Amino acid sequence: MSGFLEQTVNGLASGGFYAMLALGLAVIFGMLGVVNFAHGACYMLGAYGAYVVLHSLGLPFWWALGLVPVVLFLAGMALERAVIARLTPLDPLYNFLLTFGITLVLQAAITWHFGPTASPYEPPVELAGAVRVGSFVYPAYRLFVFGVAAACSLLAWWALARTRVGVVVRAATERPELTRALGVNVARWVTPVFGFGIALAGLAGVLAAPVQAVTPLMGADLIIVVFAVVVIGGLGSIIGSVLTGFAIGVLTSWAQAYAPAVVGQLLIFVLMAAVLLVRPAGLFGTQEAPL
Amino acid sequence: MRVHLGRRLRVATTLGVAAALLAACSGGGPASGSSTKLSDNKIVLGVLNDQSGPYSQLGGKNAVTAVQMAIDDFKAKYGAKAITKNITVISADHQNKPDVAKTDAQQMYGRQQVDAIFDVPTSSAAVAVADVAKQSKRLYFNISGASDDLNGKSCNKYTYHYAYDTNMLAATTGIAATQNGDKNWYIIYPDYLFGQQMRDGFSAAVKSAGGTVVATAASPFPNPTEDYSSLLLKASTLSSKPDTLGAMQAGADLQNVVKQYNQFKLKDKGIKLVVGLMFITDINSLGPDALAGTEFTDPWYWNFDQTNRAFADRFEAKTHSRPTFAHAANYSAAMNYLEAVQAAGTDNADKVVAGLDGKHINDLFLRNGTIRAADHLVTHDTYLAQVKPSSEVSEAWDYEKIVATIPADKAYAPPSGDCHM
Chain A
1 MSGFLEQTVN
11 GLASGGFYAM
21 LALGLAVIFG
31 MLGVVNFAHG
41 ACYMLGAYGA
51 YVVLHSLGLP
61 FWWALGLVPV
71 VLFLAGMALE
81 RAVIARLTPL
91 DPLYNFLLTF
101 GITLVLQAAI
111 TWHFGPTASP
121 YEPPVELAGA
131 VRVGSFVYPA
141 YRLFVFGVAA
151 ACSLLAWWAL
161 ARTRVGVVVR
171 AATERPELTR
181 ALGVNVARWV
191 TPVFGFGIAL
201 AGLAGVLAAP
211 VQAVTPLMGA
221 DLIIVVFAVV
231 VIGGLGSIIG
241 SVLTGFAIGV
251 LTSWAQAYAP
261 AVVGQLLIFV
271 LMAAVLLVRP
281 AGLFGTQEAP
291 L
Chain B
1 MRVHLGRRLR
11 VATTLGVAAA
21 LLAACSGGGP
31 ASGSSTKLSD
41 NKIVLGVLND
51 QSGPYSQLGG
61 KNAVTAVQMA
71 IDDFKAKYGA
81 KAITKNITVI
91 SADHQNKPDV
101 AKTDAQQMYG
111 RQQVDAIFDV
121 PTSSAAVAVA
131 DVAKQSKRLY
141 FNISGASDDL
151 NGKSCNKYTY
161 HYAYDTNMLA
171 ATTGIAATQN
181 GDKNWYIIYP
191 DYLFGQQMRD
201 GFSAAVKSAG
211 GTVVATAASP
221 FPNPTEDYSS
231 LLLKASTLSS
241 KPDTLGAMQA
251 GADLQNVVKQ
261 YNQFKLKDKG
271 IKLVVGLMFI
281 TDINSLGPDA
291 LAGTEFTDPW
301 YWNFDQTNRA
311 FADRFEAKTH
321 SRPTFAHAAN
331 YSAAMNYLEA
341 VQAAGTDNAD
351 KVVAGLDGKH
361 INDLFLRNGT
371 IRAADHLVTH
381 DTYLAQVKPS
391 SEVSEAWDYE
401 KIVATIPADK
411 AYAPPSGDCH
421 M
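Chains as they are written, first to last, in the numbering used here: chain A, 1 to 291; chain B, 1 to 421.
Hint data in this document are derived by calculation from the structure and do not stem from the laboratory.
Computed from a predicted model, the values in this text were never measured in an experiment.
A couple of the hints might just be wrong.
[As the list claims (entries may be wrong)] Which residues of chain B face chain A? A partial, calculated answer using Cβ under 10 Å:
| hint | residue |
| --- | --- |
| 1 | Ala-218 |
| 2 | Gln-255 |
| 3 | Leu-286 |
[Claimed, not checked] DMTMM-like, lysine to aspartate or glutamate: derived pairs with alpha carbons at most 20 Å apart:
| hint | chain 1 | residue 1 | chain 2 | residue 2 |
| --- | --- | --- | --- | --- |
| 4 | B | Lys-137 | B | Asp-72 |
| 5 | B | Lys-265 | A | Asp-221 |
| 6 | B | Lys-97 | B | Asp-131 |
| 7 | B | Lys-97 | A | Glu-122 |
| 8 | B | Lys-388 | A | Glu-122 |
| 9 | B | Lys-61 | B | Asp-73 |
| 10 | B | Lys-265 | A | Glu-122 |
| 11 | B | Lys-134 | B | Asp-289 |
| 12 | B | Lys-272 | B | Asp-289 |
| 13 | B | Lys-267 | A | Asp-91 |
| 14 | B | Lys-42 | B | Asp-72 |
[Claimed, not checked] A few chain A positions that, by computed beta-carbon distances, are all more than 12 Å from chain B:
| hint | residue |
| --- | --- |
| 15 | Gly-66 |
| 16 | Arg-142 |
| 17 | Leu-154 |
| 18 | Leu-155 |
| 19 | Leu-217 |
| 20 | Ile-239 |
Each residue gets a CB set at the ideal place from its N, CA and C atoms; glycine is no exception.
Extracted from the complex, chain B is given alone in its bound form:
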């Protein structure tokens, strides 16, 4: 009898824990109310991103703070004239898994009555959310997902691709580095949609600028052992020796690659490092000397001008961290969405889209920005940056020297033929 009791207790405990975990993972609740202007008398913005894994530093919870700042600024700007005072932000951790992202997005648009989803790093997850947005006929502002599928074959009326894409990174960093003499590339990339597109984009860019790609190699994503040493060792033993290592990993993965690149002294072996995508949080974590001289593309830099700096100061007061370009883009997208709702006088997605399409915008994040109606890519000026050595860093987080401004029309490719709205 005791045995039975013990076993029953054990099953009950397991179920209890499972239930508690499930309960902790969900949140929110149904709400009611109606209005002539707004579908449910309120606006709910949803931030869906990585809040605990390799991409949690570049966006994460601080992206939620950025969207909240946009809401606060919008309310302060319009005061009593605002379409509603009831504007809130909710968030969820998609753990960089497309299936989790899809379920979260369905829940946000459904039960949690979210009007627009923001952020969504990890391209494979971003593409999944774009599909949900299309089916739900609700808006999705992709910020951190880089795949050009989002404005190519996965494009749709309700998805905007903000901030950057893989084509843009390849066309700027890839061509600039090759023209500066990096001719023979060995490209390592994380083995999922983003990494594969970065590999293809950079390979094409390097070739078009007169270089060659001697080899490419994939690393697992996510990489449980965080070990890139085998791929790095391979660089110096390739039959045709590369002079450039193109690292397409991002976030914490990139930090591991750089640490190990420095340890294996590839620079001394004549192999220069070029990174495909880097956030200022990566430089801060590694220390500028680990990356000094590295050129990369930054769509936005906090210390570029007074406007950026003022935002960065407010952001730092709340988060104790300077904003990445993704944080600034989340703010800008949320602000432009709220402005569009205010202008349209409704949160009806089709009417908001009509207001946004083709719009030219200059704001905190977008300089010479255009919301392209053809494929919903949001183009703007981007910057070729170089990491300063610590001797030139004059204050905390002052890590970048802007080498060149790349005008929007040069940075972004024209709409692809794969996009059918």
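Isolated chain A, as found in the complex:
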């Protein structure tokens, strides 16, 4: 039984990464109508950010946790202003191609500077141990990842549900023209929301550095899984993407532990196909939602 509990907690910890990435993708898509293909590359930049903070600046993990998202928030805003905004009035395909191009540039630049070889990164000493409750033993660091992801999701939910900014973002996501007609300056919030989505991806990247090999391509395959998560949850649905992220993490963990290998590999894509057939707008999306 403790095995089942461990697998479940483990699924929630893995799901934390999906949830944070999916949340960022969902708010960006909702607010800008942009499918940000570069999200995986921003996640990778977050992990390299942690590496640079540790090895070049000599500052521990905790500094990276604060610094890297802030830097990526600013970089994200600059990127939105400089190029993304110019293409948003056009067909969404343009921004999709643009962000795809940005992904290739970022991957090539990181490979050129750091090499294709993975860069070493150890978990912070404070969290290197394990949490033991009876027969249940689990690495403290992974529980921390789950905690951060859950906190981010709750914070985002609170901000959207309870603050004035949240009201504007939700209104602008669902009825952009009507919101504008009511005199709300939607454009003012577009840039910070994009920056926020990128910062979340960066934060997920910092959290991933101690768990995964830090390579230039670490986000390239993950982004495909996250796209599937967002589609299952409902494009642009913020709650949907977060809950689906955690749920997919748990289901995959169970499948890998108790089912033949092929089930774990196919599960997410079979789910995506099934959801698209039965509820094309996604589990939490509304039928009127764009796309």
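Could you slot chain B onto chain A? The hints should help.
Okay, now just chain B, sitting in the frame of chain A:
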């Protein structure tokens, strides 16, 4: 009208981008010329490997550098007496996909007039290239592909299996570890040809040395989430508890397994780590302390003797990295191919094969090396190595202690009955 224009522009843009991508992916062009000795008055070597994915560190672009070094050394050795001065190397990224590898190999042997293909990691891709070599009647020196199918049921006259194979890894690491007391194994493997053969090879080796395999589990390949935690957690909840985790993942995948093995404290739970295949780049990426004490088989180590070290110094000057055994093997294979062409006086594949078969070689990479005529496996001495803790590492990349030399005839199994040339 505007709408139509916009849509047309959009289609045009998409097509334009597609065309640009396609153009970027292909290269080279037709060439002409004839000679009595060489089919096209030049020798072209092709390196086909993973240049961006999980196996790009162990071979990748640096393998192209190694082959170029062989070309330079060959030209320097023969000077004006060389069969031709026009020797070049080209390369392609097969992304570890058998279908891409097959198309690339066909293009190399065809339009790009490649005389011999080198490297090709990912066993399933290597087997695909071996088939193309057979059909094209051109040479293929497999370096990084480990599957023993390459010298078994997929063997052919034009394919040589250099460096190592799954049988050899199992017969060395698997038996040594079991004899040292690792009796109950839980084996995790990447779910494709290499991983499956490693699982079978290690299972057989463990049993023959008196151990048992309590469970095996597959991980996806490629693994998009890079998450192995479920498989690792399973280790301590199996009904019959293992004392050894046999990890058969390779390259960046192995690095993720080791990181997560350490995080889940399996060592503290009494489960030791044994890796099936490890390259020095893996140790460098993880840091030696993450692997200290781990035993594994290394077919070649850069700091083993002066010969190796001299090569490693030249290699590092060009690449800023010490060579893996695959880099050294690519150099050795390219050099031996060029020597065979020089000796035969032609690049005719059948005549080169006749010169290579049965040859005994001692060079940078091959010690007590033999090119077996029966199945084209290239056997040589290999080494049982142990990762040093960082306190014993005296310089960068000095990560291995060679525990034992395993003579060629002990390391490699005799030719299998599945091979029919």
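Taking the hints in turn, this is what the structure says about them:
no.: 1; hint: Ala-218; verdict: holds, 4 Å
no.: 2; hint: Gln-255; verdict: holds, 4 Å
no.: 3; hint: Leu-286; verdict: holds, 6 Å
no.: 4; hint: B:Lys-137 - B:Asp-72; verdict: violated, 26 Å
no.: 5; hint: B:Lys-265 - A:Asp-221; verdict: violated, 27 Å
no.: 6; hint: B:Lys-97 - B:Asp-131; verdict: holds, 15 Å
no.: 7; hint: B:Lys-97 - A:Glu-122; verdict: violated, 32 Å
no.: 8; hint: B:Lys-388 - A:Glu-122; verdict: holds, 18 Å
no.: 9; hint: B:Lys-61 - B:Asp-73; verdict: holds, 19 Å
no.: 10; hint: B:Lys-265 - A:Glu-122; verdict: holds, 14 Å
no.: 11; hint: B:Lys-134 - B:Asp-289; verdict: violated, 45 Å
no.: 12; hint: B:Lys-272 - B:Asp-289; verdict: holds, 15 Å
no.: 13; hint: B:Lys-267 - A:Asp-91; verdict: violated, 54 Å
no.: 14; hint: B:Lys-42 - B:Asp-72; verdict: holds, 15 Å
no.: 15; hint: Gly-66; verdict: holds, 23 Å
no.: 16; hint: Arg-142; verdict: violated, 7 Å
no.: 17; hint: Leu-154; verdict: holds, 24 Å
no.: 18; hint: Leu-155; verdict: holds, 25 Å
no.: 19; hint: Leu-217; verdict: violated, 6 Å
no.: 20; hint: Ile-239; verdict: holds, 23 Å
Hint check: violations occur at hints 4, 5, 7, 11, 13, 16 and 19; the rest are consistent with the structure.
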